[in-house]
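Engineer: From first to last, the protein sequence lines are chains B and F. If you read the first sequence in the working numbering, its first letter stands for residue 138, the second for the next number, and so on. If you read the second sequence in the working numbering, its first letter stands for residue 2, the second for the next number, and so on.
Treat the hints loosely; a few may be bogus.
[To be verified] Pairs of lysine to aspartate or glutamate, EDC-like flavour, derived with a Cα cap of 20 Å: (1) B:Lys378 / F:Glu91; (2) B:Lys378 / F:Glu77; (3) F:Lys74 / B:Glu382; (4) B:Lys378 / F:Glu46.
Hints listed in this document are in silico derivations from the structure and should not be mistaken for laboratory results. Note that the structure is a prediction, hence the values are computed from the model and not measured.
Spelled out, the chains give:
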Amino acid sequence: MRRIGYMVATLMIFAFSERAQGFLPPLDIDVVWIYFDYEDGYANDALRIVKNASTEIAKPEWYPAYSRNNRFAYIKGQTNRKIKVRFWHNQGEGAINNMHVRTTGSGYYPGTIAESIVYFTSGSFGEAILTMTNGQVSNYVQLWGFYYYWYVTKLNGQPLDPQYYIGMTGGHDYYILLAAPQAPMSVPWTDVLDYACVWARNQSTESSAVTKITQNAYTSLGKTYNGYDTHAPVPYFNLTKFLAESWADCRDMSAVVQVFTRAIGVGTTQVRRINGQFVFKPILPIGYTQWITGTWNFHQVGWYSNVYDACVKLNQSNPRIPVNENINGEYKNDLYNYGYWTPQTPTTYTTVY
Amino acid sequence: MFNKSSNIKRIIPLFVLWGFLYPLRSICQEKFLLQENEMPGFRLEDQYPWMWVVGEGNIFHPTINQKWSVIGKENEEIYISYGEFKTISECIQSIAYAATKSYSVPYIWGSLTGFIVGDGSWVGMPDALFFIRGNVGIQIFKPGTSHETEKQMLISISEKILNKIEANLSSEISAYEEALKQKQISSNDYHIIVEPVFGLDIMKAYSLHSTWDSKWVIDSNRVAMGIRSEWKNEQGSIIGIDICKFDSIVEAQKACEQMNKILSFLNHIVDLDNLSSFKTIIAESRQYGLERSISLVGSKDNFSLHLYLFDSTGIDTNLVFSLVEKITEGIGNF
Chain B
138 MRRIGYMVAT
148 LMIFAFSERA
158 QGFLPPLDID
168 VVWIYFDYED
178 GYANDALRIV
188 KNASTEIAKP
198 EWYPAYSRNN
208 RFAYIKGQTN
218 RKIKVRFWHN
228 QGEGAINNMH
238 VRTTGSGYYP
248 GTIAESIVYF
258 TSGSFGEAIL
268 TMTNGQVSNY
278 VQLWGFYYYW
288 YVTKLNGQPL
298 DPQYYIGMTG
308 GHDYYILLAA
318 PQAPMSVPWT
328 DVLDYACVWA
338 RNQSTESSAV
348 TKITQNAYTS
358 LGKTYNGYDT
368 HAPVPYFNLT
378 KFLAESWADC
388 RDMSAVVQVF
398 TRAIGVGTTQ
408 VRRINGQFVF
418 KPILPIGYTQ
428 WITGTWNFHQ
438 VGWYSNVYDA
448 CVKLNQSNPR
458 IPVNENINGE
468 YKNDLYNYGY
478 WTPQTPTTYT
488 TVY
Chain F
2 MFNKSSNIKR
12 IIPLFVLWGF
22 LYPLRSICQE
32 KFLLQENEMP
42 GFRLEDQYPW
52 MWVVGEGNIF
62 HPTINQKWSV
72 IGKENEEIYI
82 SYGEFKTISE
92 CIQSIAYAAT
102 KSYSVPYIWG
112 SLTGFIVGDG
122 SWVGMPDALF
132 FIRGNVGIQI
142 FKPGTSHETE
152 KQMLISISEK
162 ILNKIEANLS
172 SEISAYEEAL
182 KQKQISSNDY
192 HIIVEPVFGL
202 DIMKAYSLHS
212 TWDSKWVIDS
222 NRVAMGIRSE
232 WKNEQGSIIG
242 IDICKFDSIV
252 EAQKACEQMN
262 KILSFLNHIV
272 DLDNLSSFKT
282 IIAESRQYGL
292 ERSISLVGSK
302 DNFSLHLYLF
312 DSTGIDTNLV
322 FSLVEKITEG
332 IGNF
């Protein structure tokens, strides 16, 4: 909890009214912690997310006593998000029965807390589920943050004038997804959302999000192509190792397109394999600085009714990362040179670990 | 706070995964794994379960992966996968599939160095190597920008692993190999067959570089043992000749068909009585950009031949023709 400098002076003034109402100065009220995901499902609160295959997100997400400030996730357009907040006061058990609080906000907040009552039912501690009103989660993918400024408006039902400023909480950083995350990433990893929500920021449709994630996976993931191994033999994607290592093959990159887009709620992305063998025209594989030709046993691409290939750039004279291309159209024309070209039925990674 | 139902759904696939990785403990034993004291100049960064796609592309075979870094060059990584199989034939066929079909970039038969690596090897030029010894398969893989010198590093590491495998082969596999040796073509017969080759002027530039027992899969249960030698010239060009003797003509033909599948995705079978057929094979290799190496497989009587060449300046078709002709002439001496 960050305090504002003028609080001391405010408290000096406030002490007179406290004395009048039977409180011992200096009055101190704090926000102890905040849960953004406090119950199953996401009808009221934030989505369940994890850091990766082996690490949960510790909750309450905001808990300064433990130096904790974890991210959480909402779906675009959501309103009336609820949070669970614990407060503390320094007046001793029973001195304060209830208070009313409200917030203002700064940054990209999905609503503020209108005046709401909090009961101190556990000694000096009180908890309440508070609703964010007068706003909504933005209508596009993002990774954003906000601060809340907390005020006590009433103590034991008595209005305070001026209202007592508790302090500021935050920054509350949160992911905005397109829709409910999909298997095999129905519980999204923040290790994935950290990429996907930045790459697809400001996108409000599935197709534009898949496009941005494909393009940024090629340009910004820091991998170098190597076709002699894979982290992603269908249907298994060893994402943990993939993220830890510097190399990738076409299966890895197609898995990125499927899994990263599904993590933000795209429902139908898959991968599609093209069996060869075939000699390919000049390509610029991910991480390469020189265009190459060669032979592939097969190639595999991200699939969203069309090709989304995060592994290569095609067409040396006018390079492009292929997105939304017909597998037997311009994509084949600029990739395939000689041999067999046999697109298989689209398939899906079902296990990510 | 945990969402219990979501937790269970998330864990189930991991149990499935552990289910097929679990046999790793009993099948792929640690006796083959390199230790840090056996790899001076390298640091073992990680060791973890991995998998190869084998069979006909529908089986995941559990392996153990090691990640090594070069001390002083922390961004240089080497990955080594160790996989053990029940039988030699299963190992050869599985690794052949893994090497030639399960990765997007095809591996090419041999080591392209003059060193025969184990019972068979495939190289991804120049930074990846698959090889087999007995019932053990190994993949060494060095991602990143590659140089020719790194090929020697891979060969050097493979020699260390081969020594460990040799010292730790199971008694069943050793006994099986001993039985194969009893029926192996004799060294004398091998030399009689390849002797006509040395009448070619060009062979004066080549010297014998390495020799090892070869393995020819006849079917899923049977393997035969041959002899394989590689000759090398000063420019680094390689000529390899592998001869195997079988109990029957039919077995020799079957073994050729199996070897054809093992070598690569291309057709390698040549009719030794109609040598013009190999020109089709050379033409196909060139179309796939493989103009610097070639493998030919053929049988005559109860002998089978695997002839392979690597030449960094390109394959000399006339040389290939002459070699096949001379070896066929040698087989005709029996």
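Engineer: Check the structure against each numbered hint from earlier and tell me which ones fail, lowest number first.
Structural biologist: 1
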